[in-house]
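Heads up: the protein sequence lines correspond to chains A and B, in order. All residue numbers in the first sequence are consecutive under the working numbering, ending with 436. All residue numbers in the second sequence are consecutive under the working numbering, ending with 872.
Because the hints were derived from the structure by calculation, they are not lab data. Treat the hints with care, as some may be off.
[Stated by the list, open to error] Taking lysine to aspartate or glutamate and the EDC-like style, the derived pairs with C-alpha atoms no more than 20 Å apart in a straight line are:
no., chain 1, residue 1, chain 2, residue 2
1, A, Lys395, B, Glu550
2, B, Lys779, B, Glu792
3, B, Lys517, B, Glu507
4, A, Lys395, B, Asp564
5, B, Lys624, A, Glu180
6, B, Lys700, A, Glu180
7, B, Lys831, A, Glu114
8, B, Lys831, A, Asp128
9, A, Lys136, A, Glu122
10, A, Lys144, B, Asp660
11, A, Lys189, B, Asp660
12, A, Lys188, B, Glu616
13, A, Lys189, B, Glu657
14, B, Lys624, A, Glu231
15, A, Lys281, A, Asp321
16, B, Lys737, B, Glu749
17, A, Lys345, B, Glu616
18, A, Lys268, B, Glu595
19, B, Lys704, A, Asp224
2 protein chains.
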Amino acid sequence: MTDSIANWTKSHFTNEIVPTLNGKKVTLMGWLRDVRLHGNLAFLVLADREGDAQVTVLKKNSPKAFSKLAEITRESAIAVKGTVKKTDKTQRGVEVILDDILLLNKSKTPLPLEVNEKVPAELDTRLDARVLDLRKPRISAIFKIRAQVLQSAREYLTENSFREIETPKMIASATEGGAELFPINYFKKEAFLRQSPQIYKELMTSCFEKVFEIGQVFRAEPSDTTQHLAEVTQLDIEMGFADETATWTVAEGILKRIYSDVAKNCAKELKVLGVTLKQPKKMVVKTYTELLKQIASKGLKLKWGEDIPPEGERIIKELYDAPVIISEMPMEQKPYYIHPHEKDKKLSYGFDLIFEGMELASGGRRIHDPDMYIAGLKSKGMNPKGFESTIEFYKYGMPPHAGWAIGVDRLVMVMLGLNNVREAVLFPRDAKRLTP
Amino acid sequence: MTDSIANWTKSHFTNEIVPTLNGKKVTLMGWLRDVRLHGNLAFLVLADREGDAQVTVLKKNSPKAFSKLAEITRESAIAVKGTVKKTDKTQRGVEVILDDILLLNKSKTPLPLEVNEKVPAELDTRLDARVLDLRKPRISAIFKIRAQVLQSAREYLTENSFREIETPKMIASATEGGAELFPINYFKKEAFLRQSPQIYKELMTSCFEKVFEIGQVFRAEPSDTTQHLAEVTQLDIEMGFADETATWTVAEGILKRIYSDVAKNCAKELKVLGVTLKQPKKMVVKTYTELLKQIASKGLKLKWGEDIPPEGERIIKELYDAPVIISEMPMEQKPYYIHPHEKDKKLSYGFDLIFEGMELASGGRRIHDPDMYIAGLKSKGMNPKGFESTIEFYKYGMPPHAGWAIGVDRLVMVMLGLNNVREAVLFPRDAKRLTP
């Protein structure tokens, strides 16, 4: 039921078919999104990843092709040869008069998901039929923007002397402690999927100084929320010979760069999504203790040491319509590798970044002294034994260092105002979902 | 035993200290690579990731700093404030006259690995002390070049309309079949680490058309060779509405771009490594059957259908000093998703790419028809049941498509003439090695 692509070559994406091509022979390939028959005339909508084009079929011109149309179901993969014609009958001022058509792969009916989204489908239905879902211009736009986010982050960091690294996904010990680890059977030894590149990126400051990694981290998080996934893409930076304040400058710079690149290079996609990007304002730095008072003055009383809940994050957004660094966070909220504050051991040099009312990043100055590192592990009830191969390197000139991690999926979610982080991930993984 | 970095900020990398900065105040940070005392004068070699600089300490200028020098061990993390001075006494024509010094983290002695590599150490010793190993200019250079390889690949593909994707690392079924899978305990369900993004990148052609992914793949390969690892970085492309010949053009273009960018942007690193890059010649395409005859004429007789062994790959390099595509490979050597050849079912549209006498990439035209896909699975003794969620998408207009995968670690190895793939990976993973 399929023709061979043989020597046909796609000459244009559909968005490249413009009136100035009038008279030109083109070859389009994509999916039959719609078809309307009017006696001896048919109008096809051929869609590809960049949009769609109207293909007009005249029975008298191509009787063989015309007779074939009846068997072609919607969302079948097709190829079309034709001639571009200026017209005032279509919105884009152009149509393609068909010369020949190939049916490359006939689609089964009914479709498990309508690509011509007249009635919005449930997220679960959409994720089950994700490949069809991703043919929708609105959904495709999210991933065009996501690719731009990653590209801009890489460019910004490379231009600022950060070196890209790739550190192991399979590790021997739990970086962040806790139970949310996926165990692996590693050649009959116990191993885990990393929860973060924390240990390795820190070590890399002791040779490459300024590094970044964009990669997956894994959390066996059983909770079913709109913000958590089992497989997450994380953007990590780490800077040697620097303290946390230097990393704030990078966070501010990278957000500005990402937002301005997306506004410039993804204008079409933002329009499809109906999103107007608001460029981030100048970053604000406030201590945890200060913020707690300000939040209380808005009616939400929190106990010192407590995690700031989503409601508190919303108040922070009201107070400061800008990215906010919460500095000097309580040590009890921060992991063992965060440096305690010199003036008060209950405080730390750890911070969170609240952006658009959501915790987007987390970071801090790290411990670089090996004895203090061991004390840090013990204070969190962890066994230094499991970290021997790491601690060893702290004894050979580990520099003072600091860094942060941004959740990429969450950044895309916040940026585009999506209401579930799954919208920002091609094939999300959670406790219930392992396929497709 | 350490000073606080306090308000000091690194102003320059060592390679930026040049005679034209004469008289300028600078702050350097890095590791004490060497120290020589001459009475009231001391010469320090301060090394950072970009090279090293001579720091000259005059006792009369800074008596406190001078007295501190004795306690600073080699490879300690230090910070230095000083004044740049033109001189004809150092190779680079410049020194830094010390004003002040901080000991940021004192190094333990003896070192587990000498960074001033006078006697080359065994690879295992080096990997155990990898962070110190990575301070060596020669080893650091490899990873500067690796980062450039990845950057050039991304740029080339993005410029050629490929969209970057990230597909799941945790999957429900074995893509490539076989036993070399790492099982995961996934919320009490059976799951695996992916051996390749094969299934997902193919599916993505059915919405995004042209895609690429650079990510890790996992193989529980027990064999201990210089070319295999358990965690590998793979560069994957996949093109919808295209056949294998279109992917060859991309392979040729990407290799050219990578080689020319590395030659241009990593000249210093190539020099440190003593490598002269030979730009790849025009790609040659030969069928498996033709090549078998040519290899035989050079004295190596192989049975039709047999895998071409390393010796054969070396002969191919002798015959054609260029990247060679081995086309029309035997179907029995290729996985189930490769499209059988139309003229002979023993042949396939699968190919390998031999580059510098080594198999660098593997790819082919894929099956896009759902019934043929099921037949393909069965012909390789695999159960279509495990692939139901994949096969389903083949029924809704899956386009004809083709692609390839290049091993990034192997590409860096071949490019720089390294004799073990572990040299090209920060923290290699194999059956014996899970740390550091």
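Here's how the hints hold up against the structure:
At roughly 14 Å between alpha-carbon atoms, Lys395 (chain A) and Glu550 (chain B) fall within 20 Å of each other, so this suggested pair holds. Between Lys779 (chain B) and Glu792 (chain B), the direct Cα distance comes to roughly 31 Å. Violation of the 20 Å bound is thereby established for this hinted pair. Of the supplied pair hints, the one linking Lys517 (chain B) and Glu507 (chain B) holds, its CA atoms being roughly 18 Å apart against a limit of 20 Å. Distance restraint check for Lys395 (chain A) and Asp564 (chain B): the Cα-Cα separation of roughly 14 Å lies within the 20 Å cut-off, and the hinted pair is therefore satisfied.
For the hint pairing Lys624 (chain B) with Glu180 (chain A), the CA-to-CA distance comes to about 13 Å; that is within 20 Å, so the pair holds. Distance hint between Lys700 (chain B) and Glu180 (chain A) is unfulfilled; the C-alpha atoms sit about 45 Å from each other, more than 20 Å. As the CA atoms of Lys831 (chain B) and Glu114 (chain A) are separated by approximately 14 Å, the hinted pair is consistent with the 20 Å bound. A hinted pair counts as satisfied when its Cα atoms are at most 20 Å apart, and Lys831 (chain B) with Asp128 (chain A) qualifies at roughly 14 Å.
Of the supplied pair hints, the one linking Lys136 (chain A) and Glu122 (chain A) holds, its CA atoms being roughly 14 Å apart against a limit of 20 Å. A hinted pair counts as satisfied when its Cα atoms are at most 20 Å apart, and Lys144 (chain A) with Asp660 (chain B) does not qualify at roughly 41 Å. Distance check on the hinted pair: Lys189 (chain A) and Asp660 (chain B) sit about 17 Å apart at the alpha-carbon level, within 20 Å; holds. Only pairs whose Cα atoms come within 20 Å are accepted, and Lys188 (chain A) paired with Glu616 (chain B) is accepted, the gap being roughly 13 Å.
The straight-line distance between the Cα atoms of Lys189 (chain A) and Glu657 (chain B) is roughly 14 Å, inside the 20 Å bound, and the hint therefore holds. Restraint check: the Cα-Cα separation between Lys624 (chain B) and Glu231 (chain A) comes to about 16 Å, which is no more than 20 Å; the hinted pair holds. The straight-line distance between the Cα atoms of Lys281 (chain A) and Asp321 (chain A) is roughly 7 Å, inside the 20 Å bound, and the hint therefore holds. About 13 Å separates the Cα atoms of Lys737 (chain B) and Glu749 (chain B), which keeps this hinted pair within 20 Å; it holds.
Restraint check: the Cα-Cα separation between Lys345 (chain A) and Glu616 (chain B) comes to about 49 Å, which exceeds 20 Å; the hinted pair is violated. With a CA separation close to 18 Å, the supplied pair Lys268 (chain A) and Glu595 (chain B) stays within the 20 Å bound. A distance of roughly 51 Å separates the Cα atoms of Lys704 (chain B) and Asp224 (chain A); the hinted pair therefore is violated under the 20 Å criterion.
Checked against the numbered hints above, the structure breaks hints 2, 6, 10, 17 and 19 and satisfies the rest.
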